[in-house]
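A.B. asks: Below are the chains, spelled out letter by letter.
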Amino acid sequence: MLTALWLVPVVGALLVGVVLPRRLARPVGLATALVTLVLALAAAVAFQSGHQGYQYEEYVPWIRDYSIAYHLGLDGISLWLVLLNALLTVVAILAAGDRVARRGGFIALILLLEGGMAGVFLAADLLLFYVFWEAQLIPAYFLLWQWGEGDRANQAATKFVLYTLVGSLLALVAVIGEYVYAGGGAHTFDLATLAKQPPSPGIQFGLFFLFGLAFAIKVPLFPFHGWLRDAYAAAPVPLLVTFAGVMGKTGAYAMLRILVPLMPHPVLWWDWNAVVPILAVLGIAWGAFMAIAQRDMKLLIAYSSVSHMGFIVLGIFAFNQQGQQGAVLQMVNHGIIVPALFLLVGWIAVRTGTRDRTRMKDLAPRMPVLAGVFMVVTLAALGLPLLNSFAGEFMTLLGAWQFSPWLAVAGCLGLLLAPVYMLRLYQGLMYAAPGEQLPPPGDHGHHGAHPAAETATVARTDLAGGELALLVPLLVLMGLLGLYPYLLTQAMNSLGYPLPVPWR
Amino acid sequence: MALQAVALALLLLPAAGALILALSALSISRRVVRLLGPGVVWLGFLCTLVLFVDSLQSGGPHDFSYWTWIRSGAFSLPANLLVDRLSVFMCLVVTGVGGLIVTYAVGYMDHENDASYARFFCYMDLFIFSMLLLVLAGNFVFLIMGWAMVGLSSYLLIGFYYWRYSAVAAARKAFVMNVVGDIALVLAAFAIFAQYHQTTYAGVFGALPRADDPWVEVIGFLLLVGGIAKSAQLPLHTWLPDAMEGPTPVSALIHAATMVTAGVYLIGRMHPIFDLAFWAHSTAALIGAVTALVAATIGIVQTDIKRVLAYSTMSQIGYMFLGVGLGAYAAGFYHLLAHAFFKALLFLGAGNVIHAMNDEQDMRRYGGLWKQLRPTSICFLIGSLALVGIFPLVGFFSKELILGDAFSKPDQGGFPQVMWAVGFLTAVLTGFYTGRMWWIAFWGEPARDRPVEHPHEAPPVMLVPVVILTVLTCIGGALQVNAGFDIPWRQVEDFLSPVVGPLPWSPRGLEWIPTAATLLLGGVAFLAAYNFYVSRVWRPWSAAVPWLQRLLERKYYFDEIYDAVFVRTMDGVANVGDRFLEEPVIDGAPTGVAAVAEAGAGTLSLTQSGYFRTYVLVFVGGALLGLAVILLARTAG
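Here the protein sequences come in this chain order: A and B. Using the numbering used here, the letters of the first sequence map in sequence onto residues 129 to 632. Using the numbering used here, the letters of the second sequence map in sequence onto residues 11 to 647.
The hints are simulated quantities; they were obtained by calculation from the structure and are not laboratory data. None of these values were measured; they are calculated from a predicted model. For each residue, glycine too, the CB sits at the ideal point set by N, CA and C. Among the hints, a few may not be true.
[What the hints assert, rightly or not] Restraint-style ranges between C-beta atoms, simulated for each label pair:
#  : chain 1 : residue 1 : chain 2 : residue 2 : range
1  : B       : Gln14     : A       : Val259    : 53 to 61 Å
2  : B       : Phe576    : A       : Gly312    : 54 to 62 Å
3  : A       : Val600    : B       : Ala19     : 23 to 31 Å
4  : A       : Asp399    : B       : Leu591    : 21 to 29 Å
5  : B       : Asp222    : A       : Asp484    : 52 to 60 Å
6  : B       : Pro594    : A       : Asp484    : 18 to 26 Å
7  : A       : Gln274    : B       : Leu591    : 42 to 50 Å
8  : B       : Ala26     : A       : Asp484    : 39 to 47 Å
9  : B       : Gly511    : A       : Asp399    : 42 to 50 Å
10 : B       : Gly216    : A       : Val139    : 55 to 63 Å
11 : B       : Phe576    : A       : Gly225    : 38 to 46 Å
12 : B       : Arg549    : A       : Leu544    : 45 to 53 Å
[As the list claims (entries may be wrong)] Residues of chain A clear of chain B, computed beta-carbon distances all greater than 10 Å:
#  : residue
13 : Val139
14 : Arg192
15 : Val218
16 : Leu222
17 : Gly233
18 : Gly278
19 : His315
20 : Lys324
21 : Leu407
22 : Arg479
23 : Cys540
24 : Ala597
25 : Pro626
[What the hints assert, rightly or not] Just so you have them, the derived chain A footprint on chain B, three or more residues with Cβ under 8 Å:
#  : region
26 : 120-131
27 : 183-193
Please model the entire structure based on the sequences and the hints provided.
C.D. replies: So, in structure tokens, the structure goes:
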């Protein structure tokens, strides 16, 4: 069952990329992604909320001499991320325009990426986790390199892969270090065993640094987000759906499922558990400020992600149940909102021919449906209560407050700045520009055709039905998870192996 | 059980209206919008009446839980609504006065195109829903939801004319300043949960300590910041005058009758906390008094009729803060009710005038309307006199109740009496600026540059709500007789006392003296404005103190100071940070590495040795670094 969750996309990728002719690439790719989504949904439906330990567990000894096992398991955290991954892959394939989709390679690599990320969420063995962790890097690199936008795509891909590799290789050292020192000398890669008997605080301190750096780069956590600007600028929008929507969460997931339980007390010269939340808060503020400074819509969203990922890390390192469950909520919430944002700004860029937000204005009367949908997504992104992001941000900050009230207060700077950059973006695109005093839209046609609209040359205008249909599931989830976040947290008490601060 | 469904229906009706209008705004016919937009509010009013009758009979509070919003360890939060006399009181105002205003908008917004028409009623219904959520919420998270949704609908309605940049900017300003208040409430909720491990009102109020302590004060001040931001009190008030960019019914509904009184509701709802938190509570009264005075002074020099009303709203809410801040909760809420009547009346009356004057809002360009718009003029005069506090209109009774309670509150080193004195001075100024507005706009000869020579009175759909509000303004005083008269007739106080408790002190019997003084001087100031602005018998006061006029016209330079201190600092940090830290260091350093790698790799293909070299280099370097750290850790640990 769980194997299928990563193997189906991989097999699909091979079919699409190697075996089948190009014209079948998109339907077969889509079918593969849909099958995976159905499998993930089935796993969610049959999931037992009260159960302790992994569900649908698979265990096959792999390399007995080093007690390495092919060990997969699903629990109340990974369930939601696997589901998110499967959903967003479907969205990404549907969002891929004909130009990219027809070449097949793109679809194949997206599916490979899905398989790799699903493996990261499912692995219950540290070495297996590392294999998947590295495996997701390869399709991501080729996607950026081959399908990147702009003349710097090549360099962006190299930068991304080098930066991430540095972290990964340090993590490999840490995997070996964990095998040597932890588990009470049992010499195992089994995560549950390792979590029971962490090494001495000094060793934890070193291992925390190695693992933590790898995960922080992936998230990315301030100040390790140097790869993000070029990579997000270069990545085509369909890729960003999973690249921004899910890949960062593998880093956050790894922090919660590996860093925290395996190295709960990393204290030597200082306590890492006190350092990381400070970086998280700095990231919340820094990402928000950088978002304010951006004129490129994609970069603005990219930096807003840095800010939002800060909330997730802050919640994880609040070391209490509210903060950590809030972090998982926020992983899912951000994974729903950011793809919608990237899709929308991508569509706007196609319509207007620019990504520079200062070169656009008065779009609302020309594309009222897009304006309305963008409004809802904007509000979700700035954390409006009743929509999903609020629940996650509230819980992570509540956790942070209990850790240290000042952290929560500082984190609130992100809540204050989010409306500034999101509304500047939205209003700047949609409404009158500074100094403008246009006459009200007249009565000809219910779209309220505008004098400005009539003179402008916009290739296509409002959202097409297919584009809208792509966003509808995301919009519905934004509303549902805002009203009923318990839908997610009720499953979270079922964990594969316990966290240092138990979830009840 | 039935009541539980009614409470939910009350909330869901306007929500459903807003959702339907949002989904069909581009295709729905105007006739359906006319029915649906106000219809859901009036249905909500019916639901409120059911709850009202129940609250009169049983009086007991109902705490209805519907589903679990979240449960995470000890943090367990039901989606619950609290239906007690205070929330029913607020619902009556929101759906009753709100219903009148939304109905009025049917006529006022008629010249918009179809899509904008539907959009307007969608926002209005969304606002009603948000406000009902705010007052019905039974826990802190749902309070925050209502609080923020109210801010959102206010943002949407202020920016309704999005083809005007001034409206767009005003909307964003309102949103961001409201978010300051939202954040304060969020932090208050954190502190409350961390201290008392409760999330619902009932739980928290039950777990409060018996005496004042630092955390109660912290929570009190955070709640107060939330209230100040929403109620446009100093120093978070600068968004309200700009909010007049919205259509006039919006100003009536949101920026006079309902939303801006949310801060008063909050202090009343949280009275168990404020009763303990002496400093936070007194600060509320102080801020209210100062705001009342400052806003009244600015109101004297405004020329836009809606801005005069906006500053007068700030000023009147200052009175309410003064009342609830001193612990005279019923007085504060009575003034809230009275203000909802007469300020909605004034805004809608002003709307009739603006409508007749082709959207001109500068009252210096009106003049002589008394002869041509007689029904509106009469209503507006009654509203103005109620604002001044002239007997026997509702404003007299409610304002004097606050001032009388402040006057008679014992001890505290004379603090309540100082507050009374500020309120008294404000009342005189209120008489003056209201008189100025009335005389300039309605009396005298038509201005030479008046946009319309022969204005038309508003259609019935706009006039009838105004008349109903006028009647309510006239008879509202019968609800409660203030302390100046020794008559035990206190309907508002008796209705609310199960929630907020009775007034903890009794009148001194001397309240008739300040009451008479306020009435007299306020009335005289109203008449004196005639000599300044119509007959011009007296020289303009500003000729003697031009610097004061300039200070008032620039609104004490709050906007300029905020722009320099906050907005420019924020943009400066963002741009400097981007240029000098983000681009060259955080983003630039790895770019440099990548460029070197690219150069070393050549340009042909991935399998070239350059990549491999780099890979190995990074691998070895990383491994060595890692080993070094582990070894260091081992030797040190």
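A.B. asks: Against each hint, give a clear statement of whether it holds in the structure.
C.D. replies: Okay, the hints, checked on the actual structure:
Checked against the hint of 53 to 61 Å, the C-beta distance between Gln14/B and Val259/A comes to roughly 54 Å, which is consistent with it. Range check, Phe576/B to Gly312/A: about 55 Å between beta-carbon atoms, so the 54 to 62 Å window is met. Checking the proposed 23 to 31 Å range against Val600/A and Ala19/B shows it holds: the Cβ atoms sit about 27 Å from each other. As the Cβ distance of Asp399/A to Leu591/B is approximately 26 Å, the hint placing it in 21 to 29 Å holds.
Distance hint for Asp222/B and Asp484/A: a CB-CB separation of about 55 Å, consistent with the stated range 52 to 60 Å. Distance hint check: the CB atoms of Pro594/B and Asp484/A are about 22 Å apart, consistent with the given range 18 to 26 Å. Against the hinted window of 42 to 50 Å, the Cβ-Cβ separation of Gln274/A and Leu591/B comes to about 32 Å, which falls outside the hint. One distance hint, 39 to 47 Å for the beta-carbon pair Ala26/B and Asp484/A, holds here, with the actual separation near 40 Å.
A C-beta distance of roughly 49 Å is found between Gly511/B and Asp399/A, which places it inside the suggested range of 42 to 50 Å. Between Gly216/B and Val139/A the CB atoms are about 59 Å apart, so this pair conforms to the stated range of 55 to 63 Å. Distance hint check for Phe576/B and Gly225/A: the Cβ-Cβ separation is about 42 Å, which falls inside the suggested range of 38 to 46 Å. For the hinted restraint 45 to 53 Å between Arg549/B and Leu544/A, the CB-CB distance of approximately 48 Å keeps it satisfied.
Residue-level check passed: Val139/A sits 24 Å from the nearest beta carbon of chain B, beyond 10 Å. For Arg192/A, the non-interface assignment is confirmed: its Cβ lies about 26 Å from the closest Cβ of chain B, beyond the 10 Å cut-off. Listed as a non-interface residue, Val218/A keeps its Cβ farther than 10 Å from every Cβ of chain B; the least gap is roughly 24 Å. Every Cβ of chain B is farther than 10 Å from the Cβ of Leu222/A; the closest lies at roughly 22 Å, confirming the non-interface assignment.
Distance check for Gly233/A against chain B: the nearest CB is about 14 Å away, which clears 10 Å, and the non-interface claim stands. Listed as outside the interface, Gly278/A is consistent with that label: its C-beta sits roughly 14 Å from the nearest C-beta of chain B, beyond the 10 Å cut-off. The claim that His315/A lies off the interface holds: its Cβ sits roughly 16 Å from the closest Cβ of chain B, which is beyond the 10 Å cut-off. Distance check for Lys324/A against chain B: the nearest CB is about 20 Å away, which clears 10 Å, and the non-interface claim stands.
Its beta-carbon lying about 13 Å from the closest one in chain B, Leu407/A satisfies the requirement of being farther than 10 Å from that chain. Here Arg479/A stays apart from chain B, with its beta-carbon at least about 18 Å from theirs, past the 10 Å limit. The beta carbon of Cys540/A sits about 5 Å from the closest Cβ of chain B, which is not more than 10 Å, so the claim that it is off the interface is violated. Even its closest Cβ contact with chain B, about 15 Å, leaves Ala597/A beyond 10 Å, as expected for a residue assigned away from the interface.
Look at Pro626/A: its CB is around 14 Å from the nearest CB on chain B, clear of 10 Å, so calling it non-interface holds up. Note: the region 120-131 of chain B has 5 residues with beta-carbon separation from chain A under 8 Å; the three-residue rule is met and the coverage holds. Only when three residues or more bring their CB closer than 8 Å to a CB of chain A does the claim for the region 183-193 of chain B stand; here the count is 6, and the claim holds.
When each numbered hint is compared with the structure, violations occur for hints 7 and 23.
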